[in-house]
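J.: Chain by chain, the residues:
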Amino acid sequence: MVIKIFGNYFKRIFSNLFKSRGDIKLGFYGPPNAGKTSLANRICKDFTGEEIGSVSKVPHETRSVQFKEKVEIKHKGKTLMFKMIDTPGIATKIDYEEFLKYKVKKNVAKTRAKEATQGVIESIKWLDDMDIVVIVLDATKNPYNQVNITIIGNLVARKIPVLIVANKIDLRKADLKKIESAFPEYETVGISAKNGTNLEEFYESIFKLAKKV
Amino acid sequence: MAKKRGNNKLGKIKGFSIQFLPYSEIRDLSSNERIRKILGIVLGNNILILQGKLKPEEETRLIGDTMAMIGHVKSFKGIELAVISENGDDNFFGRMRTGIVNAISKGELGAITIIGPATIVKEIKRNPKKIELLLNK
Numbered sequence: 002m003v004i005k006i007f008g009n010y011f012k013r014i015f016s017n018l019f020k021s022r023g024d025i026k027l028g029f030y031g032p033p034n035a036g037k038t039s040l041a042n043r044i045c046k047d048f049t050g051e052e053i054g055s056v057s058k059v060p061h062e063t064r065s066v067q068f069k070e071k072v073e074i075k076h077k078g079k080t081l082m083f084k085m086i087d088t089p090g091i092a093t094k095i096d097y098e099e100f101l102k103y104k105v106k107k108n109v110a111k112t113r114a115k116e117a118t119q120g121v122i123e124s125i126k127w128l129d130d131m132d133i134v135v136i137v138l139d140a141t142k143n144p145y146n147q148v149n150i151t152i153i154g155n156l157v158a159r160k161i162p163v164l165i166v167a168n169k170i171d172l173r174k175a176d177l178k179k180i181e182s183a184f185p186e187y188e189t190v191g192i193s194a195k196n197g198t199n200l201e202e203f204y205e206s207i208f209k210l211a212k213k214v
Numbered sequence: 003m004a005k006k007r008g009n010n011k012l013g014k015i016k017g018f019s020i021q022f023l024p025y026s027e028i029r030d031l032s033s034n035e036r037i038r039k040i041l042g043i044v045l046g047n048n049i050l051i052l053q054g055k056l057k058p059e060e061e062t063r064l065i066g067d068t069m070a071m072i073g074h075v076k077s078f079k080g081i082e083l084a085v086i087s088e089n090g091d092d093n094f095f096g097r098m099r100t101g102i103v104n105a106i107s108k109g110e111l112g113a114i115t116i117i118g119p120a121t122i123v124k125e126i127k128r129n130p131k132k133i134e135l136l137l138n139k
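First to last, the protein sequences are chains V and R.
Using the working numbering, you'd call the opening residue of the first sequence number 2 and step up by one each time.
Using the working numbering, you'd call the opening residue of the second sequence number 3 and step up by one each time.
Be aware that one or more of the hints could be misleading.
Claimed, not checked - DSSO-like mimics (lysine-lysine), calculated; alpha carbons at most 30 Å apart, straight line:
{"no.": "1", "chain 1": "V", "residue 1": "Lys179", "chain 2": "R", "residue 2": "Lys132"}
{"no.": "2", "chain 1": "R", "residue 1": "Lys132", "chain 2": "V", "residue 2": "Lys26"}
{"no.": "3", "chain 1": "V", "residue 1": "Lys71", "chain 2": "V", "residue 2": "Lys179"}
Stated by the list, open to error - Now the stretches of chain R that chain V is said to cover, found in silico as 3 or more residues with beta-carbon under 8 Å:
{"no.": "4", "stretch": "21 to 31"}
{"no.": "5", "stretch": "50 to 62"}
{"no.": "6", "stretch": "122 to 129"}
As the list claims (entries may be wrong) - Residues from chain R that face chain V, not an exhaustive set, calculated with beta carbons under 8 Å:
{"no.": "7", "residue": "Gly17"}
{"no.": "8", "residue": "Ile65"}
{"no.": "9", "residue": "Thr68"}
{"no.": "10", "residue": "Met69"}
{"no.": "11", "residue": "Gly73"}
{"no.": "12", "residue": "Gly112"}
{"no.": "13", "residue": "Ile114"}
By construction, these hints were calculated from the structure, which means they are not laboratory data.
Ideal Cβ placement from N, Cα and C applies to all residues, glycine included.
Chain R on its own, in the form it takes in the complex:
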């Protein structure tokens, strides 16, 4: 992974890719392994679209780890992060159905997490119904 990081210059955008990661790829990983996998993708100048979402403590861990990298990884300025969750049905049965599906799949599959390096993603604007990805020039 270190080799990959070295080969991809962060900062000047000469190109980037959007990578989709199905939840099945991280379902059985520990929190440490999940964060490492995500950071590997993001530090490789990729915008990650992850099916599902991280646990709240994993999100803060991701923020903390990326903060620790600023100043140590060349041109790295942090990340942009957004999670869109399915609101689901408001009624009891709707919530129960979503809960059962999430329990079986061991994750919130109706959610989508977008993570990108701040050098590429300027801002992720969101409101409850839409999400806009603004990129740096």
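Chain V with its partners taken away, still in its complex shape:
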């Protein structure tokens, strides 16, 4: 028994020493329209010159998982290589009639709803493959949403480091303190992906989390 414990211990140390470390898989999760793609675009544009996906005011614009490989992020003289994974927003209900409010045609809305349901399923499947996850929340909305709690609960169960980003702090209704008090166990960074506000603090937190990977 004791030999087996020691055996496993040394095996773990050696495998950690010699394992080839690939790019850090950085996932963007959260409810629809929180600004996941806006943030991922901002980072990708800053470091690769290209965006990862399109953004829209209509919810569920991202309906399939999008990637950007080899994103080399430089911060305070340090460099880390990331694989960026932008995921569709997770929701518990999707009604095509919601899209009609944005003057989307009925058949387009129905297709969008169908694709959005598939997107949610895809996002959930990808949870296992992440090294670090950024939960992007809309700072103007109530953070006590079960979807947010469920995603975080799943990440904790999988021992995946989490950073909470309160996006849209440029808006008057934004309440960063409310988000911080909803998730006191996690580091929360307030940003505006649209204006690029406070991204230095965001990178600082990402580099800190990367040490845990």
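Using the hints provided, position chain R relative to the given structure of chain V.
T.: Relative to the frame of chain V, chain R by itself:
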């Protein structure tokens, strides 16, 4: 169960019931059986009040399964879901006491989970101290 689903039209609300499920009813079930039981209740136009809470992976499984049903089950638009957990005592002994009780009961009995079909439940508004169930007209 399929017969039950067929008999209850989702969408137009002609009536619904609130069903309470004690944790003892799901304690010994596998994750698959738990999800199936919950879906059976919710698809029957019921708002479920479950004593305790599901595991995080069961919650995501429930979300995934309901997403897969949209477009396949008539008028089904998904669910509304909320869990209220007991914060418990902040001190060490309080947390230890809650932990022991949860370990003995094999579940978090201080929590309550509310699940309803989105056609009936418009929104579950919550903050740390209260929960509001808003129903569709």
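J.: Please go over all the hints and tell whether each is borne out by the structure.
T.: Verification of the hints:
1. V:Lys179 x R:Lys132: Answer holds: lysine 179 (chain V) to lysine 132 (chain R) is near 15 Å, not above 30 Å.
2. R:Lys132 x V:Lys26: Since the Cα atoms of lysine 132 (chain R) and lysine 26 (chain V) sit roughly 37 Å apart, the hinted pair is violated (cutoff 30 Å).
3. V:Lys71 x V:Lys179: Violated. Lysine 71 (chain V) to lysine 179 (chain V) sits at ~35 Å, over the 30 Å cutoff.
4. 21 to 31: violated (count 0)
5. 50 to 62: Since three or more residues must qualify, the claim that chain V covers the stretch 50 to 62 of chain R holds, with 5 doing so at under 8 Å.
6. 122 to 129: Answer holds; 4 residues pass the 8 Å Cβ test.
7. Gly17: At 21 Å from the nearest chain V Cβ, glycine 17 (chain R) fails the 8 Å test, so the hint is violated.
8. Ile65: Since the shortest Cβ distance to chain V is 6 Å, the answer is holds.
9. Thr68: 7 Å, holds
10. Met69: Status holds, d = 4 Å.
11. Gly73: With Cβ-Cβ at 6 Å, under 8 Å, it holds.
12. Gly112: Nearest chain V Cβ about 16 Å off; hint violated.
13. Ile114: 12 Å, violated
The structure shown violates the earlier hints numbered 2, 3, 4, 7, 12 and 13.
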